[in-house]
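Asks: As they're listed, the protein sequences go chains A and B.
Start counting the first sequence at 1; every next residue gets the next number (the numbering used here).
Start counting the second sequence at 327; every next residue gets the next number (the numbering used here).
Hints may contain errors.
[Stated by the list, open to error] According to the in silico footprint, chain B covers these stretches of chain A (three or more CB under 8 Å from chain B):
{"id": "1", "stretch": "73-83"}
{"id": "2", "stretch": "107-119"}
{"id": "3", "stretch": "180-187"}
{"id": "4", "stretch": "193-203"}
{"id": "5", "stretch": "220-229"}
{"id": "6", "stretch": "286-294"}
[Said to hold, decoys possible] Pulled a few chain A residues facing chain B out of the computed Cβ check, cut under 8 Å:
{"id": "7", "residue": "Val-237"}
{"id": "8", "residue": "Gly-297"}
{"id": "9", "residue": "Ile-301"}
{"id": "10", "residue": "Val-304"}
{"id": "11", "residue": "Val-305"}
{"id": "12", "residue": "Ala-308"}
Please keep in mind that the hints were generated in silico from the structure rather than gathered at the bench.
No residue lacks a Cβ here, since even glycine has one placed at the ideal position from N, Cα and C.
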Amino acid sequence: MKALLKYREIWLLAAIAVLVGLISTRFPAFADPGNLRQVFNDTSILMILALGQMVVILTRSIDLSMASNLCFTGMVVAMLNAAHPAIPIPLLIVIALVVGLVLGAINGLLVWRLNMPSIVVTLGTLTIYRGATFVLSGGAWVNADKMSPDFIGFQRAAFLGIPVLSWIAILVIALFFVLMTRTALGRSIYAIGVNPTASVYAGIDVGRTKFIVFCISGMIGGLSGYLWISRYVIASVEVANGYELNIIAACVIGGISIAGGIGSVGGAVLGALFLGIISNALPVINISPFWQMAISGSAIILAVVLNARGERQQGRIILKKVEAVT
Amino acid sequence: MTDIPAPRHIPDRLDKPLSSAIFSWEALLVVVAVAIFAINSFASPYFLDPYSLSDLTFNFTEKGLIAFAMALLIISGEIDLSVAAIIALASTMMGMAVQAGAGTPVLVLIGIVVGLGCGAFNGLLVTRLGLPSIVVTIGTMSLFRGIAFIILGDQAYKGYPESFAFFGQGYVWWVVSFELVLFLVAAIVYWLVLHRTSFGRRVFAIGNNPVAAQFSGVRVGRIKFILFCLTGLMSGIASVLITSRLGSTRPSIAQGYELEVITMVVLGGVSILGGAGSILGVVLAAFIMGLVTFGLGLLNVPGIVMSIFIGLLLIIVIALPIVWRRLRGGR
Numbered sequence: 001m002k003a004l005l006k007y008r009e010i011w012l013l014a015a016i017a018v019l020v021g022l023i024s025t026r027f028p029a030f031a032d033p034g035n036l037r038q039v040f041n042d043t044s045i046l047m048i049l050a051l052g053q054m055v056v057i058l059t060r061s062i063d064l065s066m067a068s069n070l071c072f073t074g075m076v077v078a079m080l081n082a083a084h085p086a087i088p089i090p091l092l093i094v095i096a097l098v099v100g101l102v103l104g105a106i107n108g109l110l111v112w113r114l115n116m117p118s119i120v121v122t123l124g125t126l127t128i129y130r131g132a133t134f135v136l137s138g139g140a141w142v143n144a145d146k147m148s149p150d151f152i153g154f155q156r157a158a159f160l161g162i163p164v165l166s167w168i169a170i171l172v173i174a175l176f177f178v179l180m181t182r183t184a185l186g187r188s189i190y191a192i193g194v195n196p197t198a199s200v201y202a203g204i205d206v207g208r209t210k211f212i213v214f215c216i217s218g219m220i221g222g223l224s225g226y227l228w229i230s231r232y233v234i235a236s237v238e239v240a241n242g243y244e245l246n247i248i249a250a251c252v253i254g255g256i257s258i259a260g261g262i263g264s265v266g267g268a269v270l271g272a273l274f275l276g277i278i279s280n281a282l283p284v285i286n287i288s289p290f291w292q293m294a295i296s297g298s299a300i301i302l303a304v305v306l307n308a309r310g311e312r313q314q315g316r317i318i319l320k321k322v323e324a325v326t
Numbered sequence: 327m328t329d330i331p332a333p334r335h336i337p338d339r340l341d342k343p344l345s346s347a348i349f350s351w352e353a354l355l356v357v358v359a360v361a362i363f364a365i366n367s368f369a370s371p372y373f374l375d376p377y378s379l380s381d382l383t384f385n386f387t388e389k390g391l392i393a394f395a396m397a398l399l400i401i402s403g404e405i406d407l408s409v410a411a412i413i414a415l416a417s418t419m420m421g422m423a424v425q426a427g428a429g430t431p432v433l434v435l436i437g438i439v440v441g442l443g444c445g446a447f448n449g450l451l452v453t454r455l456g457l458p459s460i461v462v463t464i465g466t467m468s469l470f471r472g473i474a475f476i477i478l479g480d481q482a483y484k485g486y487p488e489s490f491a492f493f494g495q496g497y498v499w500w501v502v503s504f505e506l507v508l509f510l511v512a513a514i515v516y517w518l519v520l521h522r523t524s525f526g527r528r529v530f531a532i533g534n535n536p537v538a539a540q541f542s543g544v545r546v547g548r549i550k551f552i553l554f555c556l557t558g559l560m561s562g563i564a565s566v567l568i569t570s571r572l573g574s575t576r577p578s579i580a581q582g583y584e585l586e587v588i589t590m591v592v593l594g595g596v597s598i599l600g601g602a603g604s605i606l607g608v609v610l611a612a613f614i615m616g617l618v619t620f621g622l623g624l625l626n627v628p629g630i631v632m633s634i635f636i637g638l639l640l641i642i643v644i645a646l647p648i649v650w651r652r653l654r655g656g657r
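Based on the sequences and whatever the hints tell you, model everything.
Replies: Structure (structure tokens):
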């Protein structure tokens, strides 16, 4: 039974292995452990964001405002750092988490209290948050020479031979794994996605859980804001413009059903890695980066076609599992 | 429901009391539109000028054309996020045709056919393979614009023939642009189709309950396919207009339009969950969005700040009736 449940992730892993294999026939150094670690590090932010989006999608909602949240929070921490370089980085990260949490909570409150469809709410806040970034910064950029060395260096520092950024990603993956598989909240999130009505009768507060889910995605957006700005060392209104769709793409490729209730931490991580490998590989095998968009688009369509067949089977398996437990 | 004997005559539409017309969504939109219009004419002395008002219409005509088809699609319970990417791909194909020496009629034909083809591709994936449209069109959005990027890279196509400029820059009469006429004609056609034909009634039926519609003999898949084709077609037409207005094609053309079109549709009172909406609402929402962006533009408000107003407008207009209903119901 367990092997069956892992089915999708194993297939995705195999697809990634084939992809890496294909790339290394043209550029052998790509499959180097050192290079793969680099790819993982490059994909860290997308993986973290995909996990935040995953919990939202699992509850049959969607958060289109994550990239704008990232942009706004990134600008906040960058301006704070430029104005007060003495603020220690851990405190800045806490500030990023709190700012992101507030933005996520606004989405969550509108969805919870007013019962508005999440796609409408986050479509609105997508433009509002990015516009707010402009108002906050007055359209100005914060670039590398205004940021403190700590601000830029923190995520690049190596710990046990791996950059801190990768460690943060590993930590977030571990936290989400515990959340989704070992807590009541994680179980409620799945339950709401599979059957909201039944969840209400089972005593789950659907609205409140959705609120929490948007708070989580907001915090993730905020955290990614700091990570993104300190990685690409520029904070502007254009940061991560349109990236919300990449995040959703990573989730879809990772087998997370847009209809809710189906998906796993492993899937989201592998979906993000798949996109990360493609974007890292194109330059080294001499394909113009302009191909990337079309390739990831095709990958998304292919993933949905394959998922559509898997989802029906998975539905039955979940039912059997529930029956076996009770 | 079950206890009442079937009436002999089922009315085609329910008689609406006057009060329901006054408190309807469209009435709310009219009030908002008039208010914004009034604020604009007080805020800027340049606003109430026929030529200014004519320029204003360009802010919504192209997106509005797509919004009509998108409204039908959303009412039927589907969505198309790839419309802006279709514009980019159709525009790129027209650019290639210009390079090959094509004339204006061929260019228009190419724009429309490419749009229709992209829409049909979306429709096939959704209806034949039974895939969720939001994901399919996120995929085709990357695919279509990706193809435009592969063809163009960081280049641009220019050199469109002079006669081609009419569609996006020409005026039919005095300050009435070709785009505005097309917008109004499309509004009437879509209003007729949605509110006065059995096809329109079927679209509503599908949106309210696709399974019941299927059992009632509505060809759900086929109608959805037609709606995706229509959305593609309108995107192709919009592509002709935008390309003609700008006189050049870059792969980043019309970036972000999909969200503006959907905002327009939702603001117009179309339920994002499907099954409800009207063309009149979409027309009014298009006017409102045009008024807001143009009025703020006259006051030198940057585009990115305008988007805050559009976003707030969307959330407030959707939230207001919910809050109001709750306040009334709470007593």
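Asks: Run every hint past the structure and note whether it holds.
Replies: To see whether the hints hold, each was checked on the structure:
A stretch counts as covered by a chain when three or more of its residues have a beta carbon under 8 Å from one of that chain; for the stretch 73-83 of chain A and chain B the count is 0, and the coverage is violated. Beta-carbon proximity to chain B at under 8 Å applies to 6 residues in the stretch 107-119 of chain A; the threshold of 3 is reached and the given coverage holds. Counting residues of the stretch 180-187 of chain A whose beta-carbon sits less than 8 Å from any beta-carbon of chain B gives 0, not enough to reach three: the coverage restraint is violated. Interface restraint, the stretch 193-203 of chain A with chain B: violated (0 residues with C-beta to C-beta distance below 8 Å; minimum three).
Coverage of the stretch 220-229 of chain A by chain B is violated. Counting CB-CB distances below 8 Å, 0 residues qualify, and the rule asks for three or more. Given a C-beta distance limit of less than 8 Å, the hint that chain B covers the stretch 286-294 of chain A holds, as 6 residues qualify and 3 suffice. With its C-beta approaching chain B no nearer than about 6 Å, Val-237 of chain A sits inside the 8 Å limit, and its interface hint holds. Evaluation of the Gly-297 of chain A hint against chain B yields a held restraint, the C-beta minimum of about 3 Å falling below 8 Å.
Interface restraint check for Ile-301 of chain A: the shortest CB-CB distance to chain B comes to about 4 Å, inside 8 Å, so the restraint holds. With a cut of 8 Å, the hint placing Val-304 of chain A at the interface with chain B holds, because the nearest CB-to-CB distance is about 5 Å. Contact between Val-305 of chain A and chain B, as hinted, is supported at the beta carbon level, the nearest pair being about 6 Å apart and thus within 8 Å. At its closest, the beta carbon of Ala-308 of chain A sits 6 Å from a beta carbon of chain B; the interface hint therefore holds under the 8 Å criterion.
Hint compliance for this structure: hints 1, 3, 4, 5 are broken, all remaining hints hold.
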